[in-house]
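Let's have the full structure, built from the sequences with the hints guiding it.
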Amino acid sequence: MKTLLILGAGTAGTMFANKIIRKLDRHEWKIILVDKDETHYYQPGYLFLPFEINKPEEIIRPKRKFVPAGVEFVLSDIEQIEPGANKVTLTKDNRVIQYDYLIIATGTDIRPEQVEGMLGGGWQQNIFDFYTFDGANKLTNFLKTWKGGRMVVNVAEVPVKCPVAPLEFVFLADWYFTRRGMRDKVEIIYSTPLPGAFTKPVATTLLGNILEEKGIHVEAEFNIGEVNSSNNVIRSWDDREIPYDLLVAIPTNMGDPVIERSGMGDELNYIATNKHTLQSEQWENIWVLGDAANLPTSKAGAVVHYQMDAAIENLLAHMGGRELKASFDGHANCFIESGFNKGLLLDFNYDVEPLPGLFPLPVVGPFKLLGESMFNHWGKLAFGWMYWHIMLKGIDVPFLPNDFSMTGKNAPKLVNLNQTL
Amino acid sequence: MSDILSTVQFDSEGFMTNAKAWTPEIGKAIAAREGMELTDRHWVVINYARSEFDSKGQPPTLRAITKNTDVGTKEIYALFPGGPAKMAAKVAGLGKPTGCI
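From first to last, the protein sequence lines are chains S and D. The numbers in numbering that gives the first Met the number 0 rise by one with no breaks, and the one at position 275 of the first sequence is 274. The numbers in numbering that gives the first Met the number 0 rise by one with no breaks, and the one at position 1 of the second sequence is 0.
Hints listed in this document are in silico derivations from the structure and should not be mistaken for laboratory results. Be careful, since some hints might not be right.
Derived pair list, reagent style PhoX-like, types lysine-lysine, alpha-carbon separation capped at 25 Å [to be verified]:
1. LYS35(S) <-> LYS54(S)
2. LYS1(S) <-> LYS91(S)
3. LYS324(S) <-> LYS55(D)
4. LYS66(D) <-> LYS274(S)
5. LYS86(S) <-> LYS35(S)
6. LYS160(S) <-> LYS85(D)
7. LYS55(D) <-> LYS160(S)
8. LYS146(S) <-> LYS54(S)
9. LYS19(D) <-> LYS274(S)
10. LYS274(S) <-> LYS73(D)
11. LYS274(S) <-> LYS95(D)
12. LYS95(D) <-> LYS160(S)
13. LYS184(S) <-> LYS213(S)
14. LYS64(S) <-> LYS29(S)
15. LYS160(S) <-> LYS66(D)
16. LYS55(D) <-> LYS85(D)
17. LYS160(S) <-> LYS274(S)
Computed footprint of chain S on chain D, listed as stretches where at least three residues anywhere in the stretch have a Cβ under 8 Å from a Cβ of chain S [to be verified]:
18. 20 to 32
19. 76 to 88
Label pairs and their computed distance ranges (CB to CB) [as the list claims (entries may be wrong)]:
20. LYS55(D) <-> GLY214(S): 36 to 44 Å
21. LYS392(S) <-> LYS66(D): 36 to 44 Å
22. LYS1(S) <-> GLU74(D): 47 to 55 Å
23. GLY56(D) <-> PRO55(S): 52 to 60 Å
24. GLU112(S) <-> ASN46(D): 25 to 33 Å
25. ASP92(S) <-> ASN17(D): 53 to 61 Å
26. SER11(D) <-> LYS392(S): 44 to 52 Å
Just so it is clear, CB atoms sit at the ideal spot from N, CA and C, and this is done for glycine as well.
Pasting the structure below:
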């Protein structure tokens, strides 16, 4: 009996388990799935909680519900991965699992302690994150009674999970405060280490005015060095200061500490991964899925969805001693909430990224404003429903073609949701 | 100095459009144009950025530079006034740092 061990039962690990179980002979393979948390969080919902578009109970489900029959689910933290010895040690009962193949899908998380002073006196008083269930809920409660002031949304350093979420946050905040009749009492500042809110030429051209139109001020090239909770000021490494009444922090994102403990990651604990085959660069019986990998694409569930089939095809090829032919091209979609029941959909891949000055824009055409009913349908029902009932269970999504092998390298085009649906 | 740059292609903000065409001499000339004189400490950063770009296809983050070289965050800001991520990329002939959109 051989063992396939999956570390992490988030979006990637769960989807993978559901797909691979149908491909492997159960008399030949034992599949084990490990996660430290019993609850599965629908992470796109974190963005919606503070603005009361989603309720907390709508975005959580027990993880076990999504573990397919035939897969052993172990609730435990991971002590150590020893890739040289094909061995993983769990914290629970110090169990040691010897594997033939290892799937690492341990994700990424915020690390507020990486910014000096962030966890000082203001943390969860007037400094909140919305990248965790707990943080988003506490921010929701804060906003309910907030009388207004200066709200600073700070991206500490890149990359962050779902890179457009911080922008969506300011768009939705603009809408939320307007709806509550207090927009004139709130100053919204978006601070980013990048040269602007939008950095790619086409996006800048198409969307560059959006923030100005919404009255959102951008502080670009702001690399946060320190949070001073006593004075409610954030300071950059080049000594610029931004005072705040409410700081919405997107702290440094890093891969799981077990990756660091096991000496397998880069400076942010991400694992060197072949961007096309999704095989670890260093160990041939390890595949890295989702946010845990160092791929030059967004860290997001949509990316996981698109990379899954290539990963599985290559893994099966490797098990059978065949050449790895399937190639993930970095395809991702990204639905962006722009507030006031409007949104846009971006579609892009690796080809729009690397060479500076050359990449065409990930944006795809003039974006289409969505009607309110469409927004509600998509945002509240369709996407969330699809996630729980289709994506996690490893069923191919009906209207998103899984064949991302990307006939050619088409310049990305802007897709509007009506067409897509 | 200006001679060497006359054959190099730049975008409107002074970033090289073809990273492969970069040489240390071009780096020096770009730095001079930006009012910088390069010291050994600058070269620690530039050489690291170049090697990362060569192996990974993208410039390193500030965190990667400060973790993988002996240049600390405060020092790198002093070395590259006007924003180290941007200025180091410019002198090293790499593109302007970008996000996903």
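Quiz prompt | Status of the given 52 to 60 Å range, CB of PRO55(S) versus CB of GLY56(D) | solution = violated (40 Å)
Quiz item: Measuring from beta carbon to beta carbon, are LYS55(D) and GLY214(S) in 36 to 44 Å?
Solution: Since the Cβ atoms of LYS55(D) and GLY214(S) sit about 39 Å apart, the hinted range of 36 to 44 Å holds.
Quiz item: Holds or violated: the segment 20 to 32 of chain D covered by chain S, criterion of 3 or more residues with Cβ-Cβ distance under 8 Å?
Solution: Check failed, 0 qualifying residues.
Quiz item: Does the alpha-carbon distance linking LYS19(D) and LYS274(S) stay inside the 25 Å limit?
Solution: This hinted pair holds, its Cα atoms lying about 21 Å apart.
Practice problem: Evaluate the given range 47 to 55 Å for the C-beta pair formed by LYS1(S) and GLU74(D). | Solution: For GLU74(D) against LYS1(S), whose Cβ atoms are near 51 Å apart, the range 47 to 55 Å holds.
Quiz prompt | Holds or violated: LYS66(D) to LYS274(S), with C-alpha atoms at most 25 Å apart | solution = holds (24 Å)
Practice problem: Quickly compare the C-alpha distance for LYS146(S) and LYS54(S) to 25 Å and report which way the hint goes. | Solution: It holds: about 22 Å lies between the C-alpha atoms, which stays within 25 Å.
Exercise. Below or equal to 25 Å on CA atoms is what counts here, so check LYS55(D) against LYS160(S).
Key: Given that 25 Å is the threshold and the Cα spacing comes to 20 Å, the pair holds.
Self-check item: Restraint check for LYS1(S) with LYS91(S), where alpha carbons must lie at most 25 Å apart
Solution: holds (22 Å)
Quiz item: Between LYS160(S) and LYS85(D), does the CA-CA distance stay at or below 25 Å?
Solution: Measuring from Cα to Cα gives roughly 22 Å; hence the hint holds.
Quiz item: Taking only the CA atoms, is the gap from LYS35(S) to LYS54(S) under or equal to 25 Å?
Solution: holds (24 Å)
Quiz prompt | 25 to 33 Å as the expected CB spacing between ASN46(D) and GLU112(S), which holds or is violated | solution = holds (31 Å)
Hint violations for this structure: numbers 10, 18 and 23, all remaining hints satisfied.
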